[in-house]
Amino acid sequence: MNKVAFSSWNGKIIDNRSPAKGKKKAREEATGAFPATLDGYSYDALMGWNGLVVFDPKADVPALTLAYIAEARKLSCGECSVCMIGIDRVREILLDMRAGKGGAKDLAEIEEIVKGVMVNSKCNFGRATALTPVLDAVKHFKAAFLEAGKGEKDAPGEYRSAVTAPCMEACPATLDIPGYIELIRNNKFKESLDLIRERCILPGVIGRACTHPCEAACVRKDMDGPLAIRLLKRAAADAELREGSALPAPGEEKKEKVAIIGAGPAGLAAAYNLRLMGYGVTIFEALPKAGGMASVGIPDYRLPKDVLNHEIDLIKRMGVDIRLNSKVEALSVADFQKQGYAAVFAAIGAHVGTRIGCKGEEVVSEDVLQGAEFLRGVSLGKKVVPVDKVAIIGGGNVALDCARNCIRLGFKDVEIVYRRSRAEMPGSDQEIEEALHEGVKITYLAAPVEIVRKAGKVTAIECVKMKLGEPDESGRKRPIPVKGSEFTLKTDMVIAATGQKPDLGLLSAKEKGSLATAWGTIKADAASSSTETTRLFAGGDCVTGPATLIEALNAGNKAAKSIAAYLRGEPFVDEPSFEGIDVHQQRDMGFVPPAPVGKVELLDVAERIGSFAEVEGGFDADAAMKEAQRCLRCYRLMVWQ
Amino acid sequence: MAKMIIDGHEIQAKAGATVLEEARRLKIEIPTLCYHKDLSSFGACRLCTVEIKVKGKWRLAASCQTEAEEGLEVRTDTDAVRASRKLAAELLYFRYPETAAVREIAAKLGVDVREAAEESHDCILCGLCTRTCHEIVGANALNFKDRGLGREIEEPKIEFSPAACIGCGSCAYVCPTGFVRMESVNGKRIIWDKVFKMASCEVCGRHFAPVEQLEFISRTTGVPIRSLMTCVSCR
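Read top to bottom, the protein sequences are chains A and B.
The opening residue of the first sequence carries number 1 in my numbering; numbering runs sequentially from there.
The opening residue of the second sequence carries number 1 in my numbering; numbering runs sequentially from there.
FYI, nobody ran anything at the bench for these hints, they're computed from the structure.
Each residue gets a CB set at the ideal place from its N, CA and C atoms; glycine is no exception.
Partial list, derived from the structure: chain B residues whose beta carbon lies under 10 Å from chain A:
# : residue
1 : Ala61
2 : Thr66
3 : Glu90
4 : Arg95
Selected chain A positions facing chain B (Cβ under 7 Å, derived; list incomplete):
#  : residue
5  : Glu79
6  : Cys80
7  : Ser81
8  : Arg89
9  : Val119
10 : Lys122
11 : Asp176
12 : Glu182
13 : Asn186
14 : Asn187
15 : Pro593
Pulled out of the complex, with its shape left as it was, chain A reads as follows (with noise of 0.2 Å):
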């Protein structure tokens, strides 16, 4: 079941069934893109955005051709007429000649309205998705749709489906993102957080402060742009915050209760899902604040509180316990057991900085610091007496957030030193240009070599310049240092934001030898987060080590429904994957008419320093609209037999 039989995959048409166009080589070609089953289903034939592919020769190709049509005809949204009328038309003509009541003719009307449908559709859904492996079908299994007809089969018969988008392959936790970019579009802005919320609890803070890999991934970005989804996941938060509403009522109470040590994204969006199919939930957290990185991580000036405190709050209101300042010392399913929980959910984040790596920094002072330290103890009111200078070490957000932070805070001269260049930097491209602008320094391939002290006091620190050599394991060029570059940078503070890793003190060392890996992070499994630890789940940062705030929300998502498969005594089964098969590929877009981006204010930089208020502005309610108008819907759906 591995040999393809006919392919059109990317409009590449590989014929093997007749053996005297059979080619060897085109053979291996297509075999290596199609796993042997998909979503546990071994199949015959598939059917996706991208073409038709037969596996074995005797697959009822016009029978899976009316599965597609009914799944494609859920989706077309029906804003244009071609595309939804389209499909209804191209149905009725193959229902009848599985009638028995059609011939070449009807095939032939069929390839013309496909082809209509492909050129003429407002959005990519009927430009690719909707017909295209049928136009594939029709032309090339003509004899099989005339002798459908003959036989009495009922179509189309069982089938699997699954449905994507590139921009929802990028995102972490799946959204259904041109779902809830149509529902503001069509002004449904509560629908559309309805939406969003069955895979993201926290709406308002990761429509501030997520990564977005999905715009990145958006069809329209080579075009005029990628749609503005974070923002309009913002704007969705937004509309609520201004309207205000319940988040669902939970299942019928399950007798099982769940523990999960800490409030973070992960922590959150475990209880949230747990909680919501009628589990007891409490969460143990060691700060005096709930919400993980997104309290104590991310600045004000990017996460205003209140949004995250309110999103916090309506899950507490679903009967979630979140009980503060309850730092978990030891780690132990048995003791957890003994107070009625039934499962543990260790969700602890990575709060420990790493070491630079240079001398000097094994004294313990006060004028060198950890980033993650350093934003904590802002976000938690620590009083910071600002000095003259400071250094930050590092590229990635958590430095950006502490130069930020420190501009705000009366620093007079903030400088970053990184080790590679700016191409290389981790930070987002918006968060290293608002530091510019709010008068951050950014040396670029320099490295620390030693903090230098004067009476106990940092003066400086030593520094090395780098160069570029070959990438390295994470992709990256490796930086190498440049013999006798040395220099000194004067500076009263020294703040290390080179990496972080979890607290494992509540590990003790024979579980460490079971549940620790070589990185000091938590051993768990990706998919389902079970440990070797019965009962303990474990995920987010404290497993994949520092990462963004929407993969650890999504192993959150991931956690709740595996805890709840073992509670019932049920393997966990994942979502289907697209893995391994590039859903960005499309055989032609046509033309799309430009439209470009929408644009939000920024704070005045005048404003900015000297106040932690949000820098980035929203979208209203008819910005918002006018920019979910520019999605182009790109669904790819595959069928399979």
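Here the structure of chain A is known, so what remains is to put chain B in place on it, guided by the hints.
Just chain B now, kept in the frame of chain A:
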């Protein structure tokens, strides 16, 4: 101003104008069912298709959604354009065979339109009413209910929010098929099955506007409701 060519005519297009507007200025006939000059363009009917030259290649484009720009070349009367418009009209006729506006435009575009047993007034989802309600009136009582992933909607339709409707009747005025009906009986107006009480003019006594509409105008403009109780003829 942008210099562009439509069917061989070199013209100076107005800034921000669409190809459709510029073509109509040249008295070139372009069929539309979902276009209105006072509303944003929507691109629903796909009848206004033209060909434009993109990177040396002629591509089909909805003229209502394509902005005029410097150097643009447009053809409005080629085989490809005619075939594309005809197919769109055929599909509309297939779905709404008894709706006069569709029949008329389909016949004009070469579709074999047969005699209809009776006349119906179908909603063709052109979006003129939703745009009017949102962009002109500002009441937002009409919105598309679209199909989409996980939404299980059999037929897309226009959704009516009674609480938001002020009964102004703009949607009935702009509807090309007569689907949106407005009736007046005994000092009441009925539209989308909602019954509105009509205000009587303080001078002539004529029922001249729904009370809810006057309240809406008062609310959005700040003019006291008392000053709005006189009809246009008596003012």
